[in-house]
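Q: The listed protein sequences correspond, in order, to chains A and B. Take the first sequence: its position 95, counted from the start at 1, is 94 in numbering that gives the first Met the number 0, and no numbers get skipped. Take the second sequence: its position 191, counted from the start at 1, is 190 in numbering that gives the first Met the number 0, and no numbers get skipped.
These aren't lab readings, by the way, just hints derived from the structure by calculation. Remember, it's a predicted structure, so these values are computed and weren't measured experimentally. A hint or two may mislead.
Unchecked claim - So the derived list for chain B, only partly shown, Cβ under 7 Å to chain A, looks like this:
#1 S27
#2 I31
#3 D32
#4 I33
#5 V34
#6 T36
#7 Q209
Every residue gets a Cβ at the ideal spot worked out from N, C-alpha and C, and that includes glycine.
Each chain is listed here by its residues.
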Amino acid sequence: MNKRALLAIPLALLISNGAQAQEWYWGLSYGVASTTSDTKDFIDDTSWRNWGLDILARVKPNTAVGMYFGWNVFNDITQEVSTVNNAQIGGTQYRYINSFPMLLTVRQFMGDPGGMRFFVGGGVGAQYDKNRVDVGQWRIEDNQWHFAVAPEIGVILPLQSDAKWFVNAKYDYAFKAADRTRSYFQLNIGVAWQTGGF
Amino acid sequence: MQKRWSVLPVLAGALLLFSSCYPGEVTSISEIDIVVTTHDDTVNFQSFTTYALADSVVHIDFEDNMADDLLDRSNDALILARVRAGIEAMGYVEVANPTIQPDVVLLVGAIAAENTAYFSYGWWPYYGWYPGWGGCCYGPGWGWGYPSGGVGSVSYNVGTLVVTMLDPDRPSDPTGEVDLAPVLWLAAMNGILSGSSISLANRITGLIDQAYAQSPYLNTN
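Please put together the full structure from these sequences, using the hints given.
A: This is the structure:
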């Protein structure tokens, strides 16, 4: 399945089921994230600086589609010697990634509306990563757009009539661009406000 | 039931507490020291056994005697001793007799510069005018002054120690028209010239050691 087809799924669901789209779900999350793969090679960090905003509209009794905006900050301090061409650069390096996934999402809920509900879902879209290295009195910035996907599982718990708790686990994977991927696991907790029977 | 909403201030507090794009900034001046080394990768350093070290640190001036103004010679002996110890740890033997040509020659130089960084405090007008300060400007008692442009500056001195390894037998120009010895290895150690003399000496020592540590190809042992 190509990238355009992946992007089209949540859009098609949203458009084809517009009549039921008055039921909304807004979720704010905070969590912990840990880098993997190429990202871990650059910054080995378990970060407590992760926030997310989910906006979902119910399009079928147990299906919602929407958007996700995230902000994940990773940093590391290393004495690693870097090699650039034929030069070795030694010194304290301050490395940072500010990652901003912006995804179209779809979620499938299980269980009865109003109660505890498990869900599986995922997002597909763009991710903008600001990569920075400070070494000595120099700063190297290298910002990059990626195509990204983010499968997730989670659970919604009742809080009040229009409010929910939720917990989710997500794997954010940004495909290769500029010779690198970006990926990290997230475990989030959040609160959601909703209308209708999420 | 209302008690459950305590999650909101917790989330808001977490957001404020950790809402930094770039956490873990520099905490000491030594953390912005840097060592850059490079070498001629066509050279087999294992073929060398002897070296000579210049007996002084040359102040390299690009303008207005700045190196002489900003650098003193209190650490010259330390610098030369550390460069010597480092190259000998790599297996090179010093040639003490000036009539014998060494395989390589080490030269040590120092460069200094005054850098000026500019910063903006353009947020100031957003507070609006506070009449309690009276008048339009800070008085002379402030000394430091606020220029009308909303921009301040700070100056700091930067030093770079350069160690160069040359092969006296190897002409740099195949035509022989240019009489310059080729560079086999170069280490540049850069940092801000600040701190106590002990701190500066420790930083210099660490930087020279780091230059050798990140150049294992020099090792002839």
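Q: So, for every hint listed, does it hold in this structure?
A: Hint check results:
no.: 1; hint: S27; verdict: violated, 9 Å
no.: 2; hint: I31; verdict: holds, 5 Å
no.: 3; hint: D32; verdict: holds, 6 Å
no.: 4; hint: I33; verdict: holds, 3 Å
no.: 5; hint: V34; verdict: holds, 4 Å
no.: 6; hint: T36; verdict: holds, 5 Å
no.: 7; hint: Q209; verdict: holds, 5 Å
In this structure, the one hint that does not hold is number 1.
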